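**Q** So the sequences go chain by chain: X and B. For the first sequence, position 180 (counting from the first letter as 1) is numbered 449 according to the numbering used here, and the numbering increases by one without interruption. For the second sequence, position 146 (counting from the first letter as 1) is numbered 415 according to the numbering used here, and the numbering increases by one without interruption.
Bear in mind the hints are in silico, worked out from the structure with no lab data behind them. Being a predicted model, the structure only gives us computed values, none of them experimental. Any given hint might turn out to be false.
Claimed, not checked - With the C-beta cut set under 7 Å, the calculated list includes, among others, these residues of chain X facing chain B:
(1) G278
(2) Y381
(3) G410
(4) I411
(5) M445
Unchecked claim - Just some of the chain X residues that point at chain B, by a computed CB distance under 8 Å:
(6) K277
(7) V280
(8) D306
(9) D308
(10) K375
(11) G377
(12) E379
(13) S415
(14) R433
(15) N434
(16) L449
(17) F469
(18) M494
Glycine residues also receive a C-beta, built at the ideal position from the N, C-alpha and C atoms.
2 protein chains.
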Amino acid sequence: MKLAISGKGGVGKTTIASALINIIARNEGTVYAIDADPDACLASSIGIPDEEAASLKPVVEMRDAIRNKTGNGAFYNLNPKLDDFIDDYSYKLGNIRFFRMGDPKKGGSECYCRENTFLNALISSLLLDQNDTVIMDMGAGIEHLSRGTARGVDMMLVVVEPGRNSINTAKQVERMAKDLGIPKVGIIANKIRSVGEKQFIAKNFQDDLILGYIKFSEAIWANAMEPSQAVELDKDLLVEMEKVCRKILREVGGKSN
Amino acid sequence: MKLAISGKGGVGKTTIASALINIIARNEGTVYAIDADPDACLASSIGIPDEEAASLKPVVEMRDAIRNKTGNGAFYNLNPKLDDFIDDYSYKLGNIRFFRMGDPKKGGSECYCRENTFLNALISSLLLDQNDTVIMDMGAGIEHLSRGTARGVDMMLVVVEPGRNSINTAKQVERMAKDLGIPKVGIIANKIRSVGEKQFIAKNFQDDLILGYIKFSEAIWANAMEPSQAVELDKDLLVEMEKVCRKILREVGGKSN
Numbered sequence: 270m271k272l273a274i275s276g277k278g279g280v281g282k283t284t285i286a287s288a289l290i291n292i293i294a295r296n297e298g299t300v301y302a303i304d305a306d307p308d309a310c311l312a313s314s315i316g317i318p319d320e321e322a323a324s325l326k327p328v329v330e331m332r333d334a335i336r337n338k339t340g341n342g343a344f345y346n347l348n349p350k351l352d353d354f355i356d357d358y359s360y361k362l363g364n365i366r367f368f369r370m371g372d373p374k375k376g377g378s379e380c381y382c383r384e385n386t387f388l389n390a391l392i393s394s395l396l397l398d399q400n401d402t403v404i405m406d407m408g409a410g411i412e413h414l415s416r417g418t419a420r421g422v423d424m425m426l427v428v429v430e431p432g433r434n435s436i437n438t439a440k441q442v443e444r445m446a447k448d449l450g451i452p453k454v455g456i457i458a459n460k461i462r463s464v465g466e467k468q469f470i471a472k473n474f475q476d477d478l479i480l481g482y483i484k485f486s487e488a489i490w491a492n493a494m495e496p497s498q499a500v501e502l503d504k505d506l507l508v509e510m511e512k513v514c515r516k517i518l519r520e521v522g523g524k525s526n
Numbered sequence: 270m271k272l273a274i275s276g277k278g279g280v281g282k283t284t285i286a287s288a289l290i291n292i293i294a295r296n297e298g299t300v301y302a303i304d305a306d307p308d309a310c311l312a313s314s315i316g317i318p319d320e321e322a323a324s325l326k327p328v329v330e331m332r333d334a335i336r337n338k339t340g341n342g343a344f345y346n347l348n349p350k351l352d353d354f355i356d357d358y359s360y361k362l363g364n365i366r367f368f369r370m371g372d373p374k375k376g377g378s379e380c381y382c383r384e385n386t387f388l389n390a391l392i393s394s395l396l397l398d399q400n401d402t403v404i405m406d407m408g409a410g411i412e413h414l415s416r417g418t419a420r421g422v423d424m425m426l427v428v429v430e431p432g433r434n435s436i437n438t439a440k441q442v443e444r445m446a447k448d449l450g451i452p453k454v455g456i457i458a459n460k461i462r463s464v465g466e467k468q469f470i471a472k473n474f475q476d477d478l479i480l481g482y483i484k485f486s487e488a489i490w491a492n493a494m495e496p497s498q499a500v501e502l503d504k505d506l507l508v509e510m511e512k513v514c515r516k517i518l519r520e521v522g523g524k525s526n
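Using the sequences and the accompanying hints, generate a full structural model.
**A** Written as structure tokens, this is what we have:
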């Protein structure tokens, strides 16, 4: 199963991603967790120290390593024998294999097109074992969709909060995911503080699109100032996300379960 | 005076931008307000109806129009006679001239490099009248900095909230703004709910970098579900932002005041 998590900036993509990564790693099997945001913060959310994440070789460098090995850079020739590369480019934490997209760049040096192009190729052609999952935490907004970075996923998850702007973004994501041929889209409503807020989101989407409603968490807000976010400790979030996770598994079950 | 507003997704860039645009338009003169985020939402924040903003010709198309007029696309040959173009590509609202970066794209069609390159060229070479201001609301995160979109501004404003991630982003922005040769950087602390949160931000930056602390606003949160955000009605925000604005004018005063 291959999933991408998107949405407007600040809606809680990384929090939702790390909960999902933890739940699936605990119950299903290996999770390849990819931080696809140049403004990266997934590592610390799943409990990997910042220094460890920063010293990890970025995925984009895999391209040259594969080119050296295969002569043409076409890593699908190598697939599924990517194991050596995976060891080399990922940080292992239990069942989680964490990857980061690219290095920080100098101001004015270049865009992240190269990183996005490689991630697209990697995700599209990666052959997964039964019970293995890829979860990509995408950059804020919609440019990764115009680039097609997550073209190869089975389902695009879109996180929204009770606000017009994040809902407008979600509708753009839905449209662009369709352009990319992504088979499924699911909405996760986050930071809900009242029935009114829940209804506001509900009236903006078809019922069957919404995978769950996550309550606003004071604990997560307070935790954001701590050295490590440790969202795996937020019980309410995990309970809700376990339900969301079961729905996702049912939705894409035809392919991987 | 040319300003850009950046920061991690969700910190409140657009809210801060629209307050600043309103204050400067009221007190100083013409404000060229540019939404430089592909996931655009500045227009409705400053009171421009979504349909009007959507029907506006995007700035990136100005390139071809200028090429047709000058023969080489070098609009600095035309400058400061950009007035016709400005009428053609902006939406006028009192002293505000609103521009949007580009059109929504099809999923998988292309990146926004072309739009960013043109904005960079436009901002760098635009000659402003005394008392005129450019305010660019940048996309979430750091890719606009690696691209150098806002290279020509006098000051890079970075919005942070009381959380480790937005502070890490701000430090990256600070570093990359220096790479770009942007003369000044200022931090605006947003969504502050307690003394502890204020101290958390204060201890992460040099005193003279921080331009102000904006309280968390229930009104803005609630307003986010309304058809138009109308942040100009939030009194507390405006009072705080007026102080921030005076500091900005002093900081870049040598150039424009």
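**Q** Run every hint past the structure and note whether it holds.
**A** These are the hints, each one checked on the structure:
The beta carbon of X:G278 comes within 2 Å of a beta carbon in chain B, closer than 7 Å, and the hint placing it at the interface holds. Restraint check, X:Y381 versus chain B: the minimum CB separation of about 5 Å is within 7 Å; hint holds. Taking 7 Å as the C-beta cut-off, the interface hint given for X:G410 holds, the closest approach to chain B being about 3 Å. Hint status for X:I411 relative to chain B: holds, with the closest Cβ pair at about 5 Å, below 7 Å.
For X:M445, the suggested interface contact is upheld, since its CB lies about 3 Å from the closest CB of chain B, less than 7 Å. At its closest, the beta carbon of X:K277 sits 6 Å from a beta carbon of chain B; the interface hint therefore holds under the 8 Å criterion. At its closest, the beta carbon of X:V280 sits 7 Å from a beta carbon of chain B; the interface hint therefore holds under the 8 Å criterion. The beta carbon of X:D306 is positioned within 8 Å of a beta carbon in chain B (closest approach about 7 Å), and the interface hint is therefore held.
Annotation: X:D308 was flagged as interfacial toward chain B, and the flag holds, the nearest CB pair being 3 Å apart, inside 8 Å. The beta carbon of X:K375 is positioned within 8 Å of a beta carbon in chain B (closest approach about 5 Å), and the interface hint is therefore held. Here the hint on X:G377 is kept, as its CB sits about 3 Å from the closest CB of chain B, short of 8 Å. Here the hint on X:E379 is kept, as its CB sits about 6 Å from the closest CB of chain B, short of 8 Å.
Hint status for X:S415: holds, given a least beta-carbon distance of 4 Å to chain B, under 8 Å. For X:R433, the suggested interface contact is upheld, since its CB lies about 6 Å from the closest CB of chain B, less than 8 Å. Proximity of X:N434 to chain B holds as hinted, the smallest CB-CB distance being about 5 Å (cut-off 8 Å). Interface restraint check: X:L449 against chain B, minimum CB-CB distance 4 Å, threshold 8 Å, status holds.
For X:F469, the suggested interface contact is upheld, since its CB lies about 5 Å from the closest CB of chain B, less than 8 Å. Taken as an interface hint, X:M494 checks out: its beta carbon lies about 5 Å from the nearest beta carbon of chain B, inside 8 Å.
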